[in-house]
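*Asks:* Listed below are the residues making up each chain.
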Amino acid sequence: EAGVAQSPRYKIIEKRQSVAFWCNPISGHATLYWYQQILGQGPKLLIQFQNNGVVDDSQLPKDRFSAERLKGVDSTLKIQPAKLEDSAVYLCASSSIPGRGANYGYTFGSGTRLTVV
Amino acid sequence: AQSVTQPDIHITVSEGASLELRCNYSYGATPYLFWYVQSPGQGLQLLLKYFSGDTLVQGIKGFEAEFKRSQSSFNLRKPSVHWSDAAEYFCAVGPTSGTYKYIFGTGTRLKVLA
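Residue numbers (my numbering), protein chains in the order written: chain A, 914 to 1030; chain B, 1108 to 1221.
Bear in mind the hints are in silico, worked out from the structure with no lab data behind them. Predicted model only: the values in this text are computed from it and were never measured. It is possible that part of the hints are untrue.
What the hints assert, rightly or not - Below 25 Å or equal to it, Euclidean Cα-Cα: the simulated SDA-like pairs (lysine to any residue) are:
#1 B/Lys1218 to A/Arg1026
#2 A/Lys957 to A/Val1029
#3 B/Lys1208 to A/Leu983
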């Protein structure tokens, strides 16, 4: 099966500019996640979607970050305006409907590396 | 508070030597446990996972991990490291019900000497 697709792979912007990242999950995966991975740290969950509804966005800086998954398939994460501390890798992941056992777990995309200068 | 600790930021081993990467967690109940590997410029790849049962789990690429409930640990091991194992390794925990919200450790960067 095709993996989780993300674009672009790299992006360099100036602070106060806006940027958008795109993610296309594995076909049929109902749950989609956006993680932020700052250099030297583990990934941190920003937002989780179940189909086109938000399940958890408690760690999303809502004053500047937004995300949508309008048709329950692909998703866009936007930052506006960007700050220097937003420099990170933004990882998208998807999973089948949450459950237990062998199907528990998800697949990550390769990420988008954002540099804010 | 829920957390995952990987006490070793960097580890260097010689090719062919054995490897152990440490992971300790703090969680309300026994969670599901995972190890991921991340090569430069790549996403995270699942190495292995523990749900229940046998506390020694086998993963891909010759890795294994042992869950020790009494120590809240889930250490990753490999008997003989290959140069291609150089990467960053992340331990993660997740709930046994509800959503798949993972908590990741800060990672251990492995360097392999020829």
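*Asks:* Each hint should be assessed against the structure and marked as holding or not.
*Replies:* Structure-based check of each hint:
no. : hint                   : in the structure
1   : B/Lys1218 to A/Arg1026 : holds, 23 Å
2   : A/Lys957 to A/Val1029  : holds, 19 Å
3   : B/Lys1208 to A/Leu983  : holds, 21 Å
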